[in-house]
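J.: So the protein lines, in turn, are chains A and B. The letter at position 70 of the first sequence is residue 70 when you use this note's numbering, and the numbering goes up by one with no holes. So this note's numbering is basically just the index in the second sequence, starting at one, shifted up by 321.
These are computed hints drawn from the structure, not numbers from a lab. Where a beta carbon is used, it is the ideal one built from N, C-alpha and C, also for glycine. Check before you lean on any hint, since a few could be wrong.
[What the hints assert, rightly or not] Straight-line distance between alpha carbons at most 30 Å, and here's what the computed DSSO-like set of lysine-lysine pairs gives:
hint, chain 1, residue 1, chain 2, residue 2
1, A, Lys305, B, Lys490
2, B, Lys400, B, Lys555
3, A, Lys116, A, Lys190
4, B, Lys413, A, Lys190
5, A, Lys116, B, Lys490
6, B, Lys555, B, Lys541
7, B, Lys490, B, Lys431
8, B, Lys440, B, Lys490
9, B, Lys454, B, Lys541
10, B, Lys413, B, Lys400
11, A, Lys113, B, Lys413
12, B, Lys541, B, Lys566
13, A, Lys116, A, Lys88
14, B, Lys541, B, Lys400
15, B, Lys454, B, Lys413
16, A, Lys305, A, Lys116
17, A, Lys190, A, Lys305
18, B, Lys454, B, Lys400
19, B, Lys541, A, Lys116
20, B, Lys431, B, Lys413
21, A, Lys113, B, Lys541
22, B, Lys555, A, Lys190
23, A, Lys190, B, Lys566
24, B, Lys566, A, Lys116
25, B, Lys566, B, Lys555
26, B, Lys490, B, Lys413
27, A, Lys190, B, Lys541
28, A, Lys113, B, Lys400
29, A, Lys305, A, Lys113
[Unchecked claim] Chain B regions said to be covered by chain A (calculated; three or more residues, Cβ under 8 Å):
hint, region
30, 401 to 409
31, 439 to 453
32, 458 to 468
33, 490 to 503
34, 541 to 552
[To be verified] What the simulated footprint calls covered on chain A by chain B, stretch by stretch (three residues with Cβ under 8 Å from a Cβ of chain B suffice, anywhere in the stretch; the number is not a length):
hint, region
35, 180 to 190
36, 194 to 201
37, 232 to 238
38, 264 to 276
Residues per chain are reported as follows:
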Amino acid sequence: MDLFKLIKEIEQVDPEIYDRLDSRRRVFKHFGMAGKAVTAAVLPGLVSGLFQRAYGQGTALPADIVAVLNLALSLEYLEFYFYDSGLKAPNLIPTADRPAFEKIRNDESGHIKILKQTLGSLAIAEPARSAFDYSGGRNPTPLVGDTAVGNGPFRTVFTAYPIFLGVSQSFVDTGIRAYKGGAPVLMPNKDVLEAALNIHSVEARHSSHVRTIRRGITNVANPTAPMNAQPKSWVSLQDNGGPSPDTNPSTRPVYGAGNPASSSDPLALVFPAEDNVTHLGVAIPGNATAASEAFDEPLDPTSVKNIARNFVVVTSGLFPA
Amino acid sequence: MTKLLLPPEPAAQPTSTSRRSFLRYSGATMAVGGLLLAGCDDDSENGNNRIDVGSGDPGILNYAYALEQLEAAFYAAVKGGAYYTGAPASEKQIFDDLALHEQIHADFFKTALGNGAIKALEPDFSTINFGDKNSVLTAAQAFEDLGVAAYNGAGRFITAPGYLAVAGKIVSVEARHAALIRDLRSYNSFVDNDVVDLFTPSGNASTPGVGNGTGLERSKRPAEVVETANQFLKEGSKISANSFK
Numbered sequence: 001m002d003l004f005k006l007i008k009e010i011e012q013v014d015p016e017i018y019d020r021l022d023s024r025r026r027v028f029k030h031f032g033m034a035g036k037a038v039t040a041a042v043l044p045g046l047v048s049g050l051f052q053r054a055y056g057q058g059t060a061l062p063a064d065i066v067a068v069l070n071l072a073l074s075l076e077y078l079e080f081y082f083y084d085s086g087l088k089a090p091n092l093i094p095t096a097d098r099p100a101f102e103k104i105r106n107d108e109s110g111h112i113k114i115l116k117q118t119l120g121s122l123a124i125a126e127p128a129r130s131a132f133d134y135s136g137g138r139n140p141t142p143l144v145g146d147t148a149v150g151n152g153p154f155r156t157v158f159t160a161y162p163i164f165l166g167v168s169q170s171f172v173d174t175g176i177r178a179y180k181g182g183a184p185v186l187m188p189n190k191d192v193l194e195a196a197l198n199i200h201s202v203e204a205r206h207s208s209h210v211r212t213i214r215r216g217i218t219n220v221a222n223p224t225a226p227m228n229a230q231p232k233s234w235v236s237l238q239d240n241g242g243p244s245p246d247t248n249p250s251t252r253p254v255y256g257a258g259n260p261a262s263s264s265d266p267l268a269l270v271f272p273a274e275d276n277v278t279h280l281g282v283a284i285p286g287n288a289t290a291a292s293e294a295f296d297e298p299l300d301p302t303s304v305k306n307i308a309r310n311f312v313v314v315t316s317g318l319f320p321a
Numbered sequence: 322m323t324k325l326l327l328p329p330e331p332a333a334q335p336t337s338t339s340r341r342s343f344l345r346y347s348g349a350t351m352a353v354g355g356l357l358l359a360g361c362d363d364d365s366e367n368g369n370n371r372i373d374v375g376s377g378d379p380g381i382l383n384y385a386y387a388l389e390q391l392e393a394a395f396y397a398a399v400k401g402g403a404y405y406t407g408a409p410a411s412e413k414q415i416f417d418d419l420a421l422h423e424q425i426h427a428d429f430f431k432t433a434l435g436n437g438a439i440k441a442l443e444p445d446f447s448t449i450n451f452g453d454k455n456s457v458l459t460a461a462q463a464f465e466d467l468g469v470a471a472y473n474g475a476g477r478f479i480t481a482p483g484y485l486a487v488a489g490k491i492v493s494v495e496a497r498h499a500a501l502i503r504d505l506r507s508y509n510s511f512v513d514n515d516v517v518d519l520f521t522p523s524g525n526a527s528t529p530g531v532g533n534g535t536g537l538e539r540s541k542r543p544a545e546v547v548e549t550a551n552q553f554l555k556e557g558s559k560i561s562a563n564s565f566k
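This is chain A alone, in the form it adopts within the complex (with noise of 0.2 Å):
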């Protein structure tokens, strides 16, 4: 592989190859590889790269790629302002778990600024706080204030830490199967790729830590407590339908079945119930409990985008149907 050489036959194809790349030496320097052995092995990520910067950040990017992105980025706004407003809120995190909530805003901010990043003038427009209505009640208008919440079944959420737990797994869960579920539309792009599935495990990381503070860490033990309350660190069969199963909205969706729920195809992506035991034909024998809880499932977008549209008020014009 001659990077030049590909260089030379796009030029066959984009006269205009040159002037995207500055020059021939200083794409190494972009890379900050200048004077070091390019071997074979980084070729295929190097080049990726190198094209990334050529078009322009975000604008090769394929309409497909974009989408999954923009919905990722819109789910991380809807949980950094979640977890800045409980951070302002007076007297609802603990002074023990504050560290935890500073950490889990700072590394959706992180996320944010990765994802536009890469998304580049394709990113959405960047939502305001009052863009969101963390109560569940999709209120009509903008809510002011960093602890504004509309009318919804969650309106203790800034007020009360158990609905902030509640909501806050909810998010995490929910942005685990969006992720996992847009992940394989992102496989074209190796290092897009690999910048979500690193997005994708820390969201896992969060959503373990706040079903451990539910559960309440020195009280694991309880196998017979109702999920709702005290769940797992992992999800269990459908978690008795999470948080708040019988509110509207529901949390019952979050760990749901989306669209299509399954397929004959062992391959085929599909997004079957948090419950499910059949993965690529196997079906896991023995222990149906434990079986549901080695694997978590993706969720399509639209289901995706049905979760997160509750919290979100009606003229954001976010998570568009």
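Starting from the structure of chain A, add chain B where the hints point.
T.: Okay, now just chain B, sitting in the frame of chain A:
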């Protein structure tokens, strides 16, 4: 090895921008044969007396299978050790679940790979004191964090979307495990700079996206992962992943 699988495309040879190599560098996925027909079924050992996981998607699945075998064996050993026996019910519950999950993962890969699966690996846990809580938790954290970094770093080598989806289903569970073990060792350490490139706001923390760091997990390539894994595998069971660089 991998007699039934087309050889991997050599990484170094292509000299022209053929359609094939262009597709490869532009990341287009290639058609993948049936999993059960492919893989590494004779456990051939390479020059360092290591078991290579093979190439292509079956190679990545065998790579995952090796790591899951290691984790499953570890938690089985924990459950047979003095720390677990004397642990409070809350901690037993956690290790019961972890042992089940990891054994399920290992069995799943073995079934999915069929004749293409590498052999059962023999662990070497001689450096772990299963009677000591700190030793057990330290090792558990190392295995779980390694698993997360490994899956994230292997995603780019997978060509069939269905296999990437399965890796995604498992890695988030590993991350849930890792975070809980870390919190047991040190509360609020579920993410820390050793495993996540933590983001630090450079100005107003309430302004999203402005600061240093990324909030991304520190994924690891197979070459790095196998070196760590091999510290816990006996001679003759040590692995390599030479096709994934």
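J.: It remains to establish, for every hint, whether it holds in the given structure.
T.: A quick look at each hint next to the structure:
1. Of the pairs offered as hints, the one joining Lys305/A and Lys490/B holds, with about 20 Å between alpha carbons and a cut-off of 30 Å not exceeded.
2. Taking the CA atoms of Lys400/B and Lys555/B, the gap is near 21 Å; set against the 30 Å cutoff, the hint holds.
3. Between Lys116/A and Lys190/A the alpha-carbon distance is near 17 Å, which keeps this suggested pair within the 30 Å criterion.
4. Restraint check: the Cα-Cα separation between Lys413/B and Lys190/A comes to about 40 Å, which exceeds 30 Å; the hinted pair is violated.
5. Simply put, Lys116/A and Lys490/B have alpha-carbon atoms about 26 Å apart, close enough for the 30 Å limit, and the pair holds.
6. Among the hinted pairs, Lys555/B with Lys541/B is consistent with the structure: their alpha-carbon atoms are about 22 Å apart, no more than 30 Å.
7. Taking the CA atoms of Lys490/B and Lys431/B, the gap is near 17 Å; set against the 30 Å cutoff, the hint holds.
8. At most 30 Å may separate the alpha-carbon atoms for a hinted pair to count; Lys440/B and Lys490/B meet this at roughly 24 Å.
9. For a cut-off of 30 Å, the pair hint linking Lys454/B to Lys541/B stands: about 27 Å separates their Cα positions.
10. Of the supplied pair hints, the one linking Lys413/B and Lys400/B holds, its CA atoms being roughly 8 Å apart against a limit of 30 Å.
11. A distance of roughly 40 Å separates the Cα atoms of Lys113/A and Lys413/B; the hinted pair therefore is violated under the 30 Å criterion.
12. Straight-line distance between C-alpha atoms of Lys541/B and Lys566/B comes to about 11 Å, which keeps the hinted pair within the 30 Å bound.
13. Simply put, Lys116/A and Lys88/A have alpha-carbon atoms about 25 Å apart, close enough for the 30 Å limit, and the pair holds.
14. With a CA separation close to 29 Å, the supplied pair Lys541/B and Lys400/B stays within the 30 Å bound.
15. In summary, the hint linking Lys454/B to Lys413/B is supported, as the alpha carbons are separated by about 12 Å, within the 30 Å threshold.
16. Between Lys305/A and Lys116/A the alpha-carbon distance is near 19 Å, which keeps this suggested pair within the 30 Å criterion.
17. Restraint check: the Cα-Cα separation between Lys190/A and Lys305/A comes to about 25 Å, which is no more than 30 Å; the hinted pair holds.
18. For the given pair, Lys454/B sits about 12 Å from Lys400/B by alpha-carbon distance, which is consistent with the 30 Å threshold.
19. As the CA atoms of Lys541/B and Lys116/A are separated by approximately 24 Å, the hinted pair is consistent with the 30 Å bound.
20. A distance of roughly 27 Å separates the Cα atoms of Lys431/B and Lys413/B; the hinted pair therefore holds under the 30 Å criterion.
21. With a C-alpha separation of about 22 Å, the suggested pairing of Lys113/A with Lys541/B holds against the 30 Å cut-off.
22. Taking the CA atoms of Lys555/B and Lys190/A, the gap is about 34 Å. The hint is violated against a cut of 30 Å.
23. Straight-line distance between C-alpha atoms of Lys190/A and Lys566/B comes to about 13 Å, which keeps the hinted pair within the 30 Å bound.
24. Simply put, Lys566/B and Lys116/A have alpha-carbon atoms about 29 Å apart, close enough for the 30 Å limit, and the pair holds.
25. A C-alpha spacing of about 24 Å is found between Lys566/B and Lys555/B, which places the hinted pair at or below 30 Å, so the restraint holds.
26. Restraint check for Lys490/B and Lys413/B: satisfied, since their Cα atoms lie roughly 25 Å apart, inside the 30 Å limit.
27. Only pairs whose Cα atoms come within 30 Å are accepted, and Lys190/A paired with Lys541/B is accepted, the gap being roughly 14 Å.
28. The suggested pairing of Lys113/A with Lys400/B is violated, with an alpha-carbon distance near 43 Å, which exceeds 30 Å.
29. Under the criterion of a C-alpha separation no larger than 30 Å, the hint pairing Lys305/A with Lys113/A is consistent with the structure, at around 21 Å.
30. Counting residues of the region 401 to 409 of chain B whose C-beta sits closer than 8 Å to any C-beta of chain A gives 1, which falls short of three, so the coverage hint is violated.
31. Counting residues of the region 439 to 453 of chain B whose C-beta sits closer than 8 Å to any C-beta of chain A gives 0, which falls short of three, so the coverage hint is violated.
32. With 0 residues having a Cβ less than 8 Å from any Cβ of chain A, the region 458 to 468 of chain B misses the three-residue criterion, and the hint is violated.
33. Note: the region 490 to 503 of chain B has 12 residues with beta-carbon separation from chain A under 8 Å; the three-residue rule is met and the coverage holds.
34. For the region 541 to 552 of chain B, the stated coverage by chain A is not satisfied: 0 residues place a CB nearer than 8 Å to a CB of that chain, which falls below the threshold of 3.
35. Counting residues of the region 180 to 190 of chain A whose beta-carbon sits less than 8 Å from any beta-carbon of chain B gives 7, enough to reach three: the coverage restraint holds.
36. Check on the region 194 to 201 of chain A: 7 of its residues sit with their Cβ under 8 Å from a Cβ of chain B, so the three-residue criterion for coverage holds.
37. Coverage of the region 232 to 238 of chain A by chain B holds. Counting CB-CB distances below 8 Å, 3 residues qualify, and the rule asks for three or more.
38. Counting residues of the region 264 to 276 of chain A whose beta carbon lies closer than 8 Å to any beta carbon of chain B gives 4, which meets the minimum of three for the stated coverage.
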